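J.: With the hints as a guide, dock the two chains, each given alone in a separate frame, to form the complex.
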Amino acid sequence: MDRLVFLLATGLARGLVVALFALSLVIVWRAARLVNFAQAAVATVAVFAAFAVTGATGSFWAGLAAALLTGAAVNAAVERGLVRRVPQGSPLPGMIVAIGLVMVLQSALGIAFGPRHRPMAAPFDERPFVVGGVPLLSPYDLFVLTVALALVGLLAWLFNGTTLGLQLRASAAAPEVSRLLGVRVPRMVTLGWALSGAVAALAALLLVPTELGLNAHSADLLFVHAFTVAVLGGLDSPTGALIGGVLVGVLVSLVTGYLGAGVAPLAVLALLTLVLLVRPAGIFAAAQVRAA
Amino acid sequence: MSAALAVEGLTVGYAGAPVLDGLALAVAPGEVVALLGANGAGKTTLLRALSGLTAPRAGRVLLDGADLSDLSVEDRARRGLAQVPEGRSVVTELTVDENLHLGALWCHPGRAARRVAVARTYDLFEPLARRRSSLGHQLSGGERQMLALGRALLARPRVLLLDEPSLGLAPRVVSQLMGVLRATARETGLTVLLAEQNVTSALSIADRGVVLSLGAVVVDAPAAELADDPALRHAYLGF
Chain A
1 MDRLVFLLAT GLARGLVVAL FALSLVIVWR AARLVNFAQA AVATVAVFAA
51 FAVTGATGSF WAGLAAALLT GAAVNAAVER GLVRRVPQGS PLPGMIVAIG
101 LVMVLQSALG IAFGPRHRPM AAPFDERPFV VGGVPLLSPY DLFVLTVALA
151 LVGLLAWLFN GTTLGLQLRA SAAAPEVSRL LGVRVPRMVT LGWALSGAVA
201 ALAALLLVPT ELGLNAHSAD LLFVHAFTVA VLGGLDSPTG ALIGGVLVGV
251 LVSLVTGYLG AGVAPLAVLA LLTLVLLVRP AGIFAAAQVR AA
Chain B
1001 MSAALAVEGL TVGYAGAPVL DGLALAVAPG EVVALLGANG AGKTTLLRAL
1051 SGLTAPRAGR VLLDGADLSD LSVEDRARRG LAQVPEGRSV VTELTVDENL
1101 HLGALWCHPG RAARRVAVAR TYDLFEPLAR RRSSLGHQLS GGERQMLALG
1151 RALLARPRVL LLDEPSLGLA PRVVSQLMGV LRATARETGL TVLLAEQNVT
1201 SALSIADRGV VLSLGAVVVD APAAELADDP ALRHAYLGF
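Protein sequence lines correspond, in order, to chains A and B.
Per the working numbering, the very first residue in the first sequence carries number 1; after that it's consecutive.
Per the working numbering, the very first residue in the second sequence carries number 1001; after that it's consecutive.
These are computed hints drawn from the structure, not numbers from a lab.
It should be emphasised that the depicted structure is a prediction, and the values quoted were computed from it without experimental measurement.
Just so you know, not all the hints are guaranteed correct.
Residues on chain A that point at chain B, a partial pick, calculated with CB under 10 Å [as the list claims (entries may be wrong)]:
{"no.": "1", "residue": "P128"}
{"no.": "2", "residue": "T163"}
{"no.": "3", "residue": "L166"}
{"no.": "4", "residue": "R169"}
{"no.": "5", "residue": "A172"}
{"no.": "6", "residue": "E176"}
{"no.": "7", "residue": "V177"}
{"no.": "8", "residue": "S178"}
{"no.": "9", "residue": "R179"}
{"no.": "10", "residue": "L180"}
{"no.": "11", "residue": "L181"}
{"no.": "12", "residue": "G182"}
{"no.": "13", "residue": "V183"}
{"no.": "14", "residue": "R184"}
{"no.": "15", "residue": "V185"}
Derived DEER-like restraints, expressed as beta-carbon distance ranges [claimed, not checked]:
{"no.": "16", "chain 1": "B", "residue 1": "N1039", "chain 2": "A", "residue 2": "L276", "range": "39 to 45 Å"}
{"no.": "17", "chain 1": "A", "residue 1": "A52", "chain 2": "B", "residue 2": "G1065", "range": "33 to 39 Å"}
{"no.": "18", "chain 1": "A", "residue 1": "L82", "chain 2": "B", "residue 2": "A1066", "range": "32 to 38 Å"}
{"no.": "19", "chain 1": "B", "residue 1": "T1188", "chain 2": "A", "residue 2": "A156", "range": "37 to 43 Å"}
{"no.": "20", "chain 1": "B", "residue 1": "Q1138", "chain 2": "A", "residue 2": "L4", "range": "40 to 46 Å"}
{"no.": "21", "chain 1": "A", "residue 1": "A65", "chain 2": "B", "residue 2": "E1187", "range": "50 to 56 Å"}
{"no.": "22", "chain 1": "A", "residue 1": "Q88", "chain 2": "B", "residue 2": "G1065", "range": "32 to 38 Å"}
{"no.": "23", "chain 1": "A", "residue 1": "G110", "chain 2": "B", "residue 2": "G1141", "range": "53 to 59 Å"}
{"no.": "24", "chain 1": "B", "residue 1": "G1141", "chain 2": "A", "residue 2": "L266", "range": "47 to 53 Å"}
Beta carbons: idealized from backbone N, C-alpha and C, even for Gly.
Isolated chain B (complex conformation) (with noise of 0.2 Å):
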């Protein structure tokens, strides 16, 4: 079977430091991978090269085989590439109820197949349904990660890409959305690249555990394996 997102010798970076060091990784489909490292060993740096927002200096992401390298961000996004940024990912000049429409714009044609899309959102993330018109800026953290995952749901993708998505929210909306996150992966077959800080709650959720150092693939194992394996732990994750 082919992978749902494949990364084939990406570089990244000046020469001679390069952030990303020829990287090769492959997603199979409906797969939860944890992305893991410590800061700085370009996480953030991959899923940025793999959305489009950082140019690469060599390599190529495929999509369900196909080359990306010459789409823009956004086309990336319309073929089913989905990237919640870490952070200030929610357009907070608009309401809770603009930016899932916005996430809904191109894949629900139509007023009314929106408002469902949107409604089956707030089904989902009980939380938003009471916020629909606070704006942005006015949310917890909490409530504004799981206003960037649904609103990135919405969009139906392909392949989710995360960054971060417990960084500074308390553990109970952590494992919500964690929750939510694998409920989604099983259900609708969600191709799934998780980078996380947070390295117990991402080996909870995912399948496979692939770890960074100095812009490499270092380890990669079942998420099972690596979360037993102290000695791994220990080397490249730091406890």
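Next up, chain A with everything else stripped away, as it sits in the complex (with noise of 0.2 Å):
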């Protein structure tokens, strides 16, 4: 029992950085409809920006910042300089030049930093509080809780309380009705890749200190869940991508702790299975289809 309070409480932390990462794949899909498979190198390299500039600083906040701008930088230019230059018409050109990008990416960090993996130290302890005797969440896992919580709930704010977030919305939902409108529709296309480049850092920042360490494939499971979970809940759903992360967060951690951490990654490549299989919209999907 004890075993299981503790197992839950940590899955929850965890589910919500795979949330946050999945929110970061439903934020390009509606800005572009694409799904990013670059997602998790781009992380990666905003990981390394916040690795060297902590090294540097001293200061893990600076790092924090250094990989917000790093991954909205990097999405943007990648929207720019590659995404824009492909034909529109399928999905499949901007496809597969993001997972091309993913072997760049890697690759140069490869090369760059070596396969071995670095120890990134979390900004607070990492064990955990024990309650009655149960070990429960420990401060860096509320750390991670506050932060996600606070980046979801400042996106709902940026989507649904903001004009940007209106512009946004609109953009993604009836690109052509939006330019008629006055709408500058290719810079929120933009702004859409950079916004969920910084989500996607930031959730790939708060995983590394918890797992092996920091090297080019650190995001490459995370990327793994999220795209699962993004599935699950439908790409279009912010909701569903906030559900599903916390679902496969705790299933992960039940199937590691009961089963082995082996057979977790299984686990979730069955759900996906699963989900495709059932639903393949997705389980929150709305059932429409874009306007022009």
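T.: Written out as structure tokens, the structure is:
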């Protein structure tokens, strides 16, 4: 019973990180109707930037800012420099470019920094609080929960409470009509990519200290989990990404705790397969087609 | 007086099979012009070329004498050229209120000014006021068309381009829409180019009728004259 409570609590913290990353995939999908397979590689580049800045300044927060800026800048450059230049009619060219970019970025990181895992210190203690003999969340888990929830709140406000968010949503839903109303749609698309890059970078930065350490493939598994979540929740649904993220986080935590870490990826892939078989559009997907 | 909207030598489509073939047209400020013609005559293509959604092979579009050729769709909109495209022009994932605020965004800076402008639109189109928090896809065809028209007018356009606003609507709704359009044009001096299959209702509010055939203007006459000329109607409009 104690074990179950502990696994559920850590699963929640991990799940929110997965949810954030899935949210970043949803943001790109809504802006550009593209699954950005390069999101993990871009996020890893951003975490390397954070690692370098934190190493040079000694400040975790400076590193965090560097990760956000790098994630946003790299994704904006990817959209302006690559994705915008491939044919738009079908989703395939953009997807292939993104997969190519994964290889380029990961190889570059491998050449520059080697294959070893660099240990990254968490800014807070990672030993869990013990409440009544039951180990629960660590201070770092609490930090992750707080940051993730704050970011979700911030994104909800940005998209639903500001005129910029209104333009972002309109551009995603109906680009042609939005342009006729004077909305600078190309700029909104770039902004969506940048925003999504920053969110992905933050998710990866929160995750890496709890894992083996930093190397070119640090965020790969996070991407697989988040992709599962995005498909589970429907690529169009931020709410779906949130709920799905927590579910997958808890699933991974429970399977790891009771059956072993090696089984967890299998469990996630089994879930992905199941969703694709039963409800390919996602559980939270609205049944509507994008207007012109 | 210089034309509010002028089109010179506009050619769209492939050589040998142009959709528009050197089309010329001038609309005076405050004038309501009905753009008529059979399916495939080039009405929608003309409107899309005017707003910049379709790139022409040759020719120019002038708004108040200024050449729009190098401007993007969104910059033409901000200069005062509004287009209500045919059919699905409401952003169905946004609410009625959000659609209207989107239309008011760049020409009513400030939250308070936008709210006032949107409130005026609700006065003009009362059915919309009852549905302000409904999503676009929950609206009826008539409500959608009202929303699209109200949203376009919110940007205080100089020239309004309408593509088949009466398509699929009940006659009562059509006459209500046409009434608002006519009244707005009279009160504000709005210039309107109205592409319609519904010849009778278009001519009932227009000053002038222009008939397109095979991508060129074949008839350009006062609306009253066109409405009363059975030979013309029969030759180009098919009834």
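J.: Give a verdict on every hint.
T.: Consistency of the hints with the structure:
1. P128: violated, 42 Å
2. T163: Where the cut-off is 10 Å and the nearest Cβ of chain B is about 6 Å from A/T163, the hint holds.
3. L166: holds, 6 Å
4. R169: Nearest chain B Cβ about 7 Å off; hint holds.
5. A172: holds, 8 Å
6. E176: holds, 7 Å
7. V177: holds, 5 Å
8. S178: Since the shortest Cβ distance to chain B is 7 Å, the answer is holds.
9. R179: holds, 4 Å
10. L180: holds, 5 Å
11. L181: OK, holds: A/L181 within 10 Å of chain B, min 5 Å.
12. G182: Holds. Min distance 4 Å.
13. V183: holds, 6 Å
14. R184: It holds, given that the least Cβ distance between A/R184 and chain B is near 5 Å, below 10 Å.
15. V185: holds, 7 Å
16. B/N1039 x A/L276: 39 to 45 Å: holds, 42 Å
17. A/A52 x B/G1065: 33 to 39 Å: violated, 56 Å
18. A/L82 x B/A1066: 32 to 38 Å: Taking Cβ atoms as reference, A/L82 and B/A1066 lie about 35 Å apart, which means the hint holds.
19. B/T1188 x A/A156: 37 to 43 Å: The hint (37 to 43 Å, Cβ to Cβ) holds, given that B/T1188 and A/A156 are roughly 38 Å apart.
20. B/Q1138 x A/L4: 40 to 46 Å: Hint holds: Cβ distance 44 Å, inside 40 to 46 Å.
21. A/A65 x B/E1187: 50 to 56 Å: holds, 53 Å
22. A/Q88 x B/G1065: 32 to 38 Å: 35 Å Cβ-Cβ, so the 32 to 38 Å window holds.
23. A/G110 x B/G1141: 53 to 59 Å: holds, 58 Å
24. B/G1141 x A/L266: 47 to 53 Å: For B/G1141 and A/L266 the Cβ distance comes to about 51 Å; the hint holds.
Of the numbered hints given earlier, the model fails hints 1, 17; all others are met.
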